[in-house]
Amino acid sequence: MLAVLRAVALARLREQPGRVVVTVVAVALGVALATAVYLINAGALNEFGLAARKLVGEADVVIRGASGGFDEALYPRIARDPSVAAASPVLELDMAPLGDHPALKVLGLDPFRAAGIQPELIAGLGGVLLTLFEPDSIALSAAAAEELGVGTGGTFAVRVGTSVRELRVVQVLPTSAYAQRLGVMDIATAQWSFDRVGTINRLDLRLGAGADVDGFRQRLRRLLPAGVVSTGPDIERDRAANVTRAYRVNLDMLAMVALLTGAFLVFSTQALSILRRRASLALLRAIGVTRRQLELALLAEGVLIGIAGSALGVALGQGIAMLALAGLGGDLGGGYFRSLSIVAQPQPGPLLVFFLLGTAIAAFGAWAPAREASAAPPARALKAGDAEHAARRLRPAWPGAALMSAGLACAGLPPVGGIPLFGYLSVTALLFGGILLVPAASSRLLAILPQPRRATLSTALAQLRGSAGQSAVSLAAIIVSFSLMVAMAIMVHSFRQSFDGWLGQVLPADLHMRVAQAADTAYWSEADQAAIAAVPGVSRVEFRRQRAVILAPGREPVQLIARPLREPADIADLPLVGKGLPVRGGGQAWISEAVHDLYRLDVGDTLRLPLRGKDCLLVVAGIWRDYSRPSGAILVDRDWYVAQTGDVSASQGSVWLEPGVRPQDVERLIRGHFERGDALQIYTGPALKELSLGFFDRAFAVTYLLEAVAVLIGLVGVSFAFSAQALARRAEFGMLRHVGMLRRQVVAMLAGEGAVLGVIGVLYGLALGFVLSLVLVYVINRQSFNWSIDLHIPSLQLAVVALVLVAAAALTATVSARAAMSTSALRAVREDW
Amino acid sequence: MAIMAAPSADPQIVLELKSLVRRFRPDRPPVIDGIDFCLRRGEYVAIMGESGVGKSTLLNLMAGLDRPDAGSIEFDGCDLAVLDDDAATLLRRRAMGFVFQAFHVLPYLTVTDNVALPLDLAGMPRPERDRRVGEMLESVGLGGFGSRYPRELSGGELQRVAISRALVHRPRLLLADEPTGNLDPRSAAQVLELLRAQVRSAGSSGVLITHSRAAAETADRVLVMDGRRLVPLGDER
Chain A
158 MLAVLRAVAL ARLREQPGRV VVTVVAVALG VALATAVYLI NAGALNEFGL AARKLVGEAD
218 VVIRGASGGF DEALYPRIAR DPSVAAASPV LELDMAPLGD HPALKVLGLD PFRAAGIQPE
278 LIAGLGGVLL TLFEPDSIAL SAAAAEELGV GTGGTFAVRV GTSVRELRVV QVLPTSAYAQ
338 RLGVMDIATA QWSFDRVGTI NRLDLRLGAG ADVDGFRQRL RRLLPAGVVS TGPDIERDRA
398 ANVTRAYRVN LDMLAMVALL TGAFLVFSTQ ALSILRRRAS LALLRAIGVT RRQLELALLA
458 EGVLIGIAGS ALGVALGQGI AMLALAGLGG DLGGGYFRSL SIVAQPQPGP LLVFFLLGTA
518 IAAFGAWAPA REASAAPPAR ALKAGDAEHA ARRLRPAWPG AALMSAGLAC AGLPPVGGIP
578 LFGYLSVTAL LFGGILLVPA ASSRLLAILP QPRRATLSTA LAQLRGSAGQ SAVSLAAIIV
638 SFSLMVAMAI MVHSFRQSFD GWLGQVLPAD LHMRVAQAAD TAYWSEADQA AIAAVPGVSR
698 VEFRRQRAVI LAPGREPVQL IARPLREPAD IADLPLVGKG LPVRGGGQAW ISEAVHDLYR
758 LDVGDTLRLP LRGKDCLLVV AGIWRDYSRP SGAILVDRDW YVAQTGDVSA SQGSVWLEPG
818 VRPQDVERLI RGHFERGDAL QIYTGPALKE LSLGFFDRAF AVTYLLEAVA VLIGLVGVSF
878 AFSAQALARR AEFGMLRHVG MLRRQVVAML AGEGAVLGVI GVLYGLALGF VLSLVLVYVI
938 NRQSFNWSID LHIPSLQLAV VALVLVAAAA LTATVSARAA MSTSALRAVR EDW
Chain B
799 MAIMAAPSAD PQIVLELKSL VRRFRPDRPP VIDGIDFCLR RGEYVAIMGE SGVGKSTLLN
859 LMAGLDRPDA GSIEFDGCDL AVLDDDAATL LRRRAMGFVF QAFHVLPYLT VTDNVALPLD
919 LAGMPRPERD RRVGEMLESV GLGGFGSRYP RELSGGELQR VAISRALVHR PRLLLADEPT
979 GNLDPRSAAQ VLELLRAQVR SAGSSGVLIT HSRAAAETAD RVLVMDGRRL VPLGDER
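Chains as they are written, first to last, in the working numbering: chain A, 158 to 990; chain B, 799 to 1035.
The shape of chain A in the complex, shown without the other chains (with noise of 0.2 angstroms):
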């Protein structure tokens, strides 16, 4: 067996180790760029779990409401049963720290109650814990304290309403405590603080020993008010990673793209290797090697190329999830993770899974082709022309047909648990479908192609026409590759083009305005909306309210936002989807589609919306379309509001401005009329717009640069395809030239060869990736993210790509064609073929 596997896969690495070499590498990098992938996913998916396990400590339920919260009373209600064994009052904000600073997570807690649930928290406090109830004390993380610039003793402000607070930094946490960016605050200090005395949003409760846990919620449920909520500790601990799981499993699935990618380049580069070497394996079996011998030495040929590739690759994605982190963050770009610090720490388990499965899918690529090439008669295979005999085998449409009705059966079924697993289903089964259906199509446009006058031109199209199967193998990669750069080029293009055009619709005013980013402790109040107002130059204002409610345990708070409602015009700035039913102000609601898919409402149902602790019945009015809070959203008219809720308060603004009256004159004034107005967060409308895009540029960068590597590893498929085909037709050139064809008739013989398959496989590709995109913007981004795109194509993008793709299939053409003719002809004409 190791005389044939010498004899086999030793025998091309002498003969052709460039190849061989540059396999190896595009195997790595498919394998490189999805053990990237998967380890920053991991990384972050862990320190999710490790700082929601220290948070949520050893408690057994967990009483939510919403950032408004609910009336401490309900405290010693509940920790009066018998069943409770440790009681611990929380009130958690999103606090606004003055400057350049996301908001930051603050949890005000009683630190004797909470010793008994978040031991490993509270122990950080260590000594200064007394220190923790002196006036505007605050204790934080040391990621918290290095994003804010502050140490212990130091102090840094916050926004409460429009005020600023100071707040002095009485402990740094160690690392051990909390690893992510947190503060710490007593109860009394914080309700004190943020201006919520007699206030708590969260109640966490350790059962005695062998409290039926259940039954202590069912009792529960009638104690909590509208809009609170009991779960146990497995739903709070992945709440916030559940937020960005669809964003996750998308980058998986990029990343296992040029895996993928890479399998097709080692299949066409060994199936392409095992035809020019039929002949030599053809004399291996007629000297006595066995089928299944010749099998499993073409086969181990690929392993070893998995090997020594997958090896590369784990060694390359530890390296690159290093750098993406201290480059891009936890999220790759996304934004998600933003409050998250993550290593990416070497994982012996997942990087064997990577080594493993990258070895699997280079040996599932040569295993079709050591198959066939075993399976063939010696006899026939020793002729000339058995290579296209064996291609041709390829060639029946009805598998491709079966997979691709098979995918498009798939696209129709809903998400299983929120992920769109039907959906990649439809994709997988589609490109497959698709690649299997190449020979038959390529055949099919080769033949309706007109035939050229010119002996070059014409004798190219023959060729094509006669290695038609050969062909498709060529062009596999490249197929595979392109059609998922088209798919996602077309899909993150119609998502940004829906993007912008929301933004064009739902920011129609001359300034926006808001007090600070995601915070729940800064507001305007009556008397700052009457101020803004008045300010010189401001012809009209609106003001919204928004805050975060609970509809259902375990998922995401949903953002409710009260804005005037009440007349046709006041939702000319929404983006309805759909029919929705005339305006009449009060009583009606209108849903964003996330809320429409994850709670199952549509217009005309009655929405249950929860509100100082008693239910409001709302009906659904209309749906419309939100890219800028995932979780849901909810527009109420913000009179009603009012009346249900007697807050006045205003947490975002737009402002009209009179005719001729300068915005940043105006932004000024407003600015001017506050305590460290500097830092309020005031925008143009077209400036807003440009931030947001900014954002979504930098959330899909990463999509484009492993679209990039796909796309390249698909082009050196080509180009081996291209330079394998050459060199087997070294003779053939060598005969035309002595006919009398010129040298670089020949050249652009095979140039033309090149061009026609580029233009077939960018053809092919782009009607592929067309297909896939529609499930992309359809299915997967629709049950993914919950909210609705429309399709745009991004013509001149794929025609330049289109374009720069044929040149090259051209370009690696000649190139292949001058090499081979490197040989001269008079050597070329005496190789046997």
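FYI, nobody ran anything at the bench for these hints, they're computed from the structure. Be aware that one or more of the hints could be misleading.
[To be verified] Cβ-to-Cβ under 8 angstroms is the rule here; a few derived chain A residues that face chain B: (1) 612; (2) 615; (3) 623; (4) 624; (5) 892; (6) 896; (7) 897; (8) 898; (9) 899; (10) 900.
[Claimed, not checked] Pair ranges (Cβ atoms, derived): (11) B:824 to A:503: 55 to 63 angstroms; (12) B:932 to A:517: 42 to 50 angstroms; (13) B:1009 to A:555: 48 to 56 angstroms; (14) B:824 to A:553: 52 to 60 angstroms; (15) A:555 to B:942: 31 to 39 angstroms; (16) A:869 to B:942: 34 to 42 angstroms; (17) A:443 to B:824: 38 to 46 angstroms; (18) A:443 to B:865: 56 to 64 angstroms; (19) A:445 to B:979: 23 to 31 angstroms.
Nothing here was measured: the structure is a model prediction, and the numbers come from that model. Think of the CB as a built atom: it goes at the ideal place given N, C-alpha and C, for glycine as much as any other residue.
Go by the hints and put chain B onto chain A.
Frame of chain A; chain B shown alone:
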């Protein structure tokens, strides 16, 4: 790319080699050392010799595919040694035909398209090209084979296709390098006879390289490459 004509060429001489020397490595003796050879119009000459003696090198020099280190090669009054690659190629396209031991018939072209290659390269109009190919195939006994592909033919039939391709454009010189090396004795005899007849009927001259005495005997004159020189059969050392 201009093909240069010698001023005082004998119209009866198609190919003339004078004091031809070809050396592949300076530290080794030349493969061809001072060969003189003259091929007349309509003449069919066989060149014999043992393997490795330089027969094919000589053929390549005659075809303008290789350049001598010394001496001259005149074809129809043109000095092949001074032609650049394109000019030599165009000369081969117009005035030479080749038959190889391994046939070298393109597998993806039909028999008709294979035979028509030199005519297509010359840009001959389609009707004339089809007529010429049809006549050629008839004359080699392959009438009705035009639409077949090479994989459907036997070795003897493939070599007839190659002979047709070599002669369809009516070249002045046919160069055949071991044309029967891959054939069984019966097919080989048929091909040799056909080759001889076709060269004669086309009015061409021919050089047949072979190590087979039987093959050589079909020629008008037999020369032997002996010690890097060309001598008539029987005169060799």
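Going down the list of hints, with the structure as the test:
no., hint, verdict
1, 612, "holds (4 angstroms)"
2, 615, "holds (7 angstroms)"
3, 623, "holds (3 angstroms)"
4, 624, "holds (6 angstroms)"
5, 892, "holds (4 angstroms)"
6, 896, "holds (5 angstroms)"
7, 897, "holds (2 angstroms)"
8, 898, "holds (6 angstroms)"
9, 899, "holds (5 angstroms)"
10, 900, "holds (6 angstroms)"
11, B:824 to A:503: 55 to 63 angstroms, "holds (60 angstroms)"
12, B:932 to A:517: 42 to 50 angstroms, "violated (57 angstroms)"
13, B:1009 to A:555: 48 to 56 angstroms, "holds (54 angstroms)"
14, B:824 to A:553: 52 to 60 angstroms, "holds (59 angstroms)"
15, A:555 to B:942: 31 to 39 angstroms, "holds (36 angstroms)"
16, A:869 to B:942: 34 to 42 angstroms, "violated (51 angstroms)"
17, A:443 to B:824: 38 to 46 angstroms, "holds (42 angstroms)"
18, A:443 to B:865: 56 to 64 angstroms, "violated (41 angstroms)"
19, A:445 to B:979: 23 to 31 angstroms, "holds (28 angstroms)"
Checked against the numbered hints above, the structure violates hints 12, 16 and 18; every other hint is satisfied.
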